[in-house]
Amino acid sequence: MKSTEIRTRFLEYFRRNGHAVVPSSPLVPANDPTLLFTNAGMVQFKDVFLGIDKRPYTRAASSQRCVRAGGKHNDLENVGYTARHHTFFEMLGNFSFGDYFKREAIGYCWEFLTKELKLPPDRLWVTVYQDDDEAADIWLKELKVDPKRFARLGEKSNFWQMGDTGPCGPCSEVFYDHGPGIPGGPPGSPDEDGDRYVEIWNLVFMQYNRDGQGVLTPLPKPSVDTGMGLERIAAVMQGVHSNYAIDLFKNLIAATAKLLGTSERESHSLNVVADHIRAAAFLITDGVFPSNEGRGYVLRRIVRRAIRHGHRLGATEPFFYRLVAPLIAEMGDAYPELTAARETVERALRQEEERFNETLEQGLRILEDGITALEGDVVPGELVFRLYDTYGFPLDLTRDVALERNLRLDMEGFEREMAAQRERARAASSFKTAAVGGGARAAVETAFTGYETVRDEATVQAIVVDGQDRSAIRAGEEGVVYLDRTPFYAESGGQVGDQGWLKTPGAVFVVRDTQKGYAHIGRLERGEIQVGARVECQVNEAKRHATAYNHSATHLLHAALKKVLGPHVQQKGSLVAPDRLRFDFSHFVPMTLEQIQEVEELVNDEIRRNSPVETRLMALDEAMKSGACALFGEKYDEEVRVVGMGEFSLELCGGTHVHRTGDIGFFKIVSEGGVAAGVRRVEAVTGPGALEYVRGIEDRLGRIAELVRGGREEAVAKVEQLQGRLRGLEKELEGLRAQLASGSGSSLLDQVREIKGVKVLAAQLDGADVKTLREAMDRLKDKLGRAAIVLAAVSEGKVTLIAGVTKDLTGKVNAGELVNHVATHVGGRGGGRADMAQAGGTKPEGLPAALEAVTGWVAERL
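Using the numbering used here, the first residue of the sequence shown is number 1, and each one after it goes up by one.
Think of the hints as simulated: they come from the structure by calculation, not from any bench.
Subject to a maximum C-alpha distance of 30 angstroms in a straight line, what follows is the list of computed DSSO-like cross-link-like pairs (lysine-lysine): (1) LYS115 to LYS781; (2) LYS759 to LYS812; (3) LYS781 to LYS759.
Using the sequences and the hints given, assemble the complete structure.
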């Protein structure tokens, strides 16, 4: 059973049992600073369990994408080396919010595993918390689980809690026995850490609230939180021991091997790359980009680890981004947001790989030389520090290489070198010379002049190159420049940092980005700039103005959304760039087309009104009393900047804006969609960007008009005519297929053989699709009576097989086994019910011999 079918069956099973099927939430938890990533299915329901959030349902099911690669839940170093560790995985879960409890949860679990998935009960083991007699009785007395496959375990294994205090309760786990060929003992035994017995489902019963003294108080509404890893259950259903052998990974591994030109099909490195492309692509889809801190740093570690393993497999140029397409082929149907973000994901991964490749090759060569010269099994701390400090080689990659060679790092020596480096920096900063140390950079205070001007003059206060303080930056070097004053806006509040130039008579520093602390990040194109030099600051005006159009438009958009959708609308995030704006807001259902159009009209009305945009500095309390809109959860100073646009909008904001709303020109929404439970996202364009967008629509409309051979005004009518013709042709095709199935049924009767009173037919039906084969199968069963039938068709080099057995024969001849036997001859496999089964193959040249073998195979079973 393929992973997609398992996911679908799980969700449909719980839908039939009254559960609301809820989409996966993003990997970045909404409004939850306690978590780095969504690491379990219950994360999006955390506030529901705590009683803070109310939903229109009391039971839910989901397939939640999760990442465990940072913070408390960090499996990164095991990924690729074990059978079941992943950075990214999918968690199937069903949840009850004060609705059903243990009996129903256990019953659903057992029925799904043994009836829906048809797992043999004698391969399933069950554990409960040692004091949970209620759960034990349900398993043993009601479901009749064999006591020999049942264990009571302690708090460490079978008691769950959200934190040191709060909701908690016993849990019950179900394990699958992979068989005696795999080492390991059952749960609770000394050998339980082996791979034979694998936990596939955990049922958590939130029954108590734990206070600060550890006292457990029964909850008024006990709840249920369950989780079953899709990859683990897929391994069970597909008869493999390792998760990396399931369909989701096999195709990614094959694509990686083909891309890198390696003949290997089983290696740690292939596993690492296949796992990491999933985590990296989904994290970028959810708005995380490689960086040096927080979530972005974890993503950077994942990407760079994958790149290094690609190098081990022979990669000599950027490859990782090219795995996005195979990933979308595997998971794009289940997660369409991944498909939509393809271009962004590929661009981000390629840029990161190109950046890293500059340092990777040199660092690896130095590390390999150091390891070759080792006399023991410890990599010296001095070498580890030199790689980290001089070459920017990540510490965890050095650790990975050492782990593969059964070496360990001298971390004490590394820390000594780090301490000495910090001491050198402190010593340098105590002297007011041309060499500026780290302490001096931290002390730089920059005055922002960008509200009034986009040009200014300033003095260079500090320069950083490769993470180190420098007295000067030279042509060709990339670095960071700090000034005493600047017109460059530093990225904040969703608005991107300014770009532009810092110039002296003999040098030009191109500012690529401006970040927190007014760090001017870029490259010196020519000349040399020293600390203390006077520079001319020039912001890229075109991009600043375009950014201002979009930023001011977000304020108008926010106000319009409140008017159209209601006062519950709150900003949940934004991106303001020169080419577009993105605005996330609280709302619980998709916007209708009418609502989108009404919002556009309100914003454009205000633009045409050409209201003045006024800014005032006010005390925070005064600003709030005036009705200014503030962002929920944002920390503000006592004095705040208030931006007003006529009587339409009033918000706290530190960004740059237009002088009058008319400067925005034109506002156009290009998309609206959901990004999390209760959070919607609008993307829009303004000014020249909006004009370009409309021209693009006109170009596409013109192309459509050309294709349907009409004018633009006629395009819709022409397309409707084509749709009508298409529907007619489809009906005609259906009729022809029915005739084919019926007519072929008559001619096929001549090919029937009889063995011991059973009619056996194995034939190829040219031009038939699956539906036609099934219709022909039904007619043939009716005509032949007691029969075993195999029908085949070939299309575009692929074989489709259907086997049918009349119900009075299924005790001796199984259609699933029959179709699998035939499929092995054509390079495929399949399965299904005892009376009807389907398979496919990729070797049509083997089909004649495969069909010829059917009669003998059936005869053996009779």
